[in-house]
Amino acid sequence: MNNQIEKRIELKAPVSRVWRALTDYREFGEWFRVKLDGPFVPGQVARGQVTYPGYEHIKWEAVVQKMEPERLFSFTWHPYSIDPKIDYSKETPTLVEFRLEKTTSGTLLLLTESGFDKIPSDRRLEAFRMNDGGWTEQMKNIDNHVSQTP
Amino acid sequence: MAASRQARALVFAALGDETRLSLVARLCGRPPHSISKLSHGSRLTRQAITKHLRVLESVGIVHSVRRGRESLFKFDPQPIEGIKEYLDFVSEQWDQALFRLKSFVED
Numbered sequence: 030m031n032n033q034i035e036k037r038i039e040l041k042a043p044v045s046r047v048w049r050a051l052t053d054y055r056e057f058g059e060w061f062r063v064k065l066d067g068p069f070v071p072g073q074v075a076r077g078q079v080t081y082p083g084y085e086h087i088k089w090e091a092v093v094q095k096m097e098p099e100r101l102f103s104f105t106w107h108p109y110s111i112d113p114k115i116d117y118s119k120e121t122p123t124l125v126e127f128r129l130e131k132t133t134s135g136t137l138l139l140l141t142e143s144g145f146d147k148i149p150s151d152r153r154l155e156a157f158r159m160n161d162g163g164w165t166e167q168m169k170n171i172d173n174h175v176s177q178t179p
Numbered sequence: 596m597a598a599s600r601q602a603r604a605l606v607f608a609a610l611g612d613e614t615r616l617s618l619v620a621r622l623c624g625r626p627p628h629s630i631s632k633l634s635h636g637s638r639l640t641r642q643a644i645t646k647h648l649r650v651l652e653s654v655g656i657v658h659s660v661r662r663g664r665e666s667l668f669k670f671d672p673q674p675i676e677g678i679k680e681y682l683d684f685v686s687e688q689w690d691q692a693l694f695r696l697k698s699f700v701e702d
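Just so you know, the sequences run in chain order G and X.
Here my numbering runs 29 ahead of the position in the first sequence, where the first position is 1.
Here my numbering runs 595 ahead of the position in the second sequence, where the first position is 1.
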């Protein structure tokens with residue numbers, strides 16, 4: 030089973046622009062909603078404070094893995110670790126990869142997040158609506174299957 | 596059903612296998628199946644299927660019930676529901692983040 034989240038999005042901006050938005054720590058922080066302490070450096074921990082309304086008390090941390098200019102940016106982290114009562118550092122982190130491809134209209138951004146099989150699933154979080162992505166697609170299949178045969 | 600923390604941690608891994616996923620698909624929403632029924636039409640041996648069922652059982656996705664001399668296996672959606680909630684949450688966060696990125700680079 031494909032246990033990863035996959036997203037693809039067309040951006041009407043040149044690859045160089047998207048690359049900067051992803052890898053410049055200030056720009057990343059703007060859209061990701063985190064105030065980072067300093068630049069992203071492969072092999073090093075990036076730290077900051079979440080700026081997402083309602084979650085400003087949460088610290089943000091990731092380990093930068095790869096920075097291949099205008100091609101690949103990746104980091105490992107503990108995804109949306111928003112419960113201060115849980116020690117996420119004991120869990121194996123997931124790997125987030127942003128891949129960029131030039132298109133006629135701008136940039137195709139492919140996002141994957143993998144490694145969820147190592148994460149304890151007893152994090153109780155609010156339910157959210159169904160989305161695309163490998164794993165969720167599989168889950169949807171099972172879900173459909175269940176609802177079709179009551 | 597109150598699966599242990601460790602059992603829940605393994606739900607992803609338990610489902611990360613095509614054979615087990617197909618067993619889940621055959622069991623969910625249906626009456627309990629015996630191993631012979633599950634191995635019918637399969638290339639796998641009864642032992643192999645039993646092994647896979649035990650993995651699913653260890654994480655609470657299936658439960659076995661005795662009927663006479665046979666063990667019947669039934670599906671329990673709860674562990675998968677828990678994971679689905681979590682992945683939906685992460686997936687939704689990414690949708691929102693990528694939407695903000697889009698506005699950010701296209702403006």
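Just so you know, the hints here were simulated from the structure itself, not pulled from any lab data.
Some clues are possibly wrong.
As the list claims (entries may be wrong) - Distance condition first, Cα-Cα at most 16 Å in a straight line; then the derived EDC-like pairs of lysine to aspartate or glutamate:
no. : chain 1 : residue 1 : chain 2 : residue 2
1   : G       : K131      : G       : E39
2   : G       : K88       : G       : E99
3   : G       : K36       : G       : E97
4   : G       : K36       : X       : D702
5   : X       : K632      : X       : E665
6   : X       : K697      : G       : E39
7   : X       : K669      : X       : E680
8   : G       : K95       : G       : D53
9   : X       : K646      : X       : E687
10  : G       : K41       : X       : D702
11  : G       : K36       : X       : D690
12  : G       : K88       : G       : D66
13  : X       : K646      : X       : D690
14  : X       : K697      : G       : E130
15  : G       : K41       : G       : E126
16  : G       : K64       : G       : E85
17  : X       : K697      : G       : E85
18  : G       : K95       : G       : E126
19  : G       : K64       : G       : E130
20  : X       : K697      : G       : E56
21  : G       : K64       : G       : E90
22  : G       : K41       : X       : E701
23  : G       : K131      : G       : E97
24  : G       : K131      : G       : E99
Evaluation of the provided hints:
Restraint check for K131 (chain G) and E39 (chain G): satisfied, since their Cα atoms lie roughly 10 Å apart, inside the 16 Å limit. Simply put, K88 (chain G) and E99 (chain G) have alpha-carbon atoms about 28 Å apart, too far for the 16 Å limit, and the pair is violated. For a cut-off of 16 Å, the pair hint linking K36 (chain G) to E97 (chain G) is broken: about 20 Å separates their Cα positions. In summary, the hint linking K36 (chain G) to D702 (chain X) is not supported, as the alpha carbons are separated by about 21 Å, beyond the 16 Å threshold.
Restraint check: the Cα-Cα separation between K632 (chain X) and E665 (chain X) comes to about 11 Å, which is no more than 16 Å; the hinted pair holds. About 8 Å separates the Cα atoms of K697 (chain X) and E39 (chain G), which keeps this hinted pair within 16 Å; it holds. Annotation: proposed proximity of K669 (chain X) to E680 (chain X) is violated, straight-line Cα distance about 22 Å (limit 16 Å). Distance hint between K95 (chain G) and D53 (chain G) is fulfilled; the C-alpha atoms sit about 14 Å from each other, no more than 16 Å.
At most 16 Å may separate the alpha-carbon atoms for a hinted pair to count; K646 (chain X) and E687 (chain X) exceed this at roughly 35 Å. Only pairs whose Cα atoms come within 16 Å are accepted, and K41 (chain G) paired with D702 (chain X) is accepted, the gap being roughly 9 Å. At roughly 8 Å between alpha-carbon atoms, K36 (chain G) and D690 (chain X) fall within 16 Å of each other, so this suggested pair holds. Proposed proximity of K88 (chain G) and D66 (chain G) is supported: the alpha carbons are some 11 Å apart, at most 16 Å.
Note on K646 (chain X) and D690 (chain X): the hinted pairing is violated, with a Cα-Cα distance of about 38 Å set against a maximum of 16 Å. About 15 Å separates the Cα atoms of K697 (chain X) and E130 (chain G), which keeps this hinted pair within 16 Å; it holds. Between K41 (chain G) and E126 (chain G), the direct Cα distance comes to roughly 20 Å. Violation of the 16 Å bound is thereby established for this hinted pair. In summary, the hint linking K64 (chain G) to E85 (chain G) is supported, as the alpha carbons are separated by about 10 Å, within the 16 Å threshold.
Distance check on the hinted pair: K697 (chain X) and E85 (chain G) sit about 23 Å apart at the alpha-carbon level, beyond 16 Å; violated. For the hint linking K95 (chain G) to E126 (chain G), the alpha-carbon distance of about 9 Å falls within 16 Å, and the restraint holds. Under the criterion of a C-alpha separation no larger than 16 Å, the hint pairing K64 (chain G) with E130 (chain G) is inconsistent with the structure, at around 27 Å. As the CA atoms of K697 (chain X) and E56 (chain G) are separated by approximately 12 Å, the hinted pair is consistent with the 16 Å bound.
Between the alpha carbons of K64 (chain G) and E90 (chain G) the distance comes to roughly 11 Å, so the proposed pair stays at or under 16 Å and holds. Annotation: proposed proximity of K41 (chain G) to E701 (chain X) holds, straight-line Cα distance about 6 Å (limit 16 Å). Of the pairs offered as hints, the one joining K131 (chain G) and E97 (chain G) holds, with about 15 Å between alpha carbons and a cut-off of 16 Å not exceeded. Annotation: proposed proximity of K131 (chain G) to E99 (chain G) holds, straight-line Cα distance about 9 Å (limit 16 Å).
Consistency with the previously given hints fails for numbers 2, 3, 4, 7, 9, 13, 15, 17, 19, ordered from lowest to highest.
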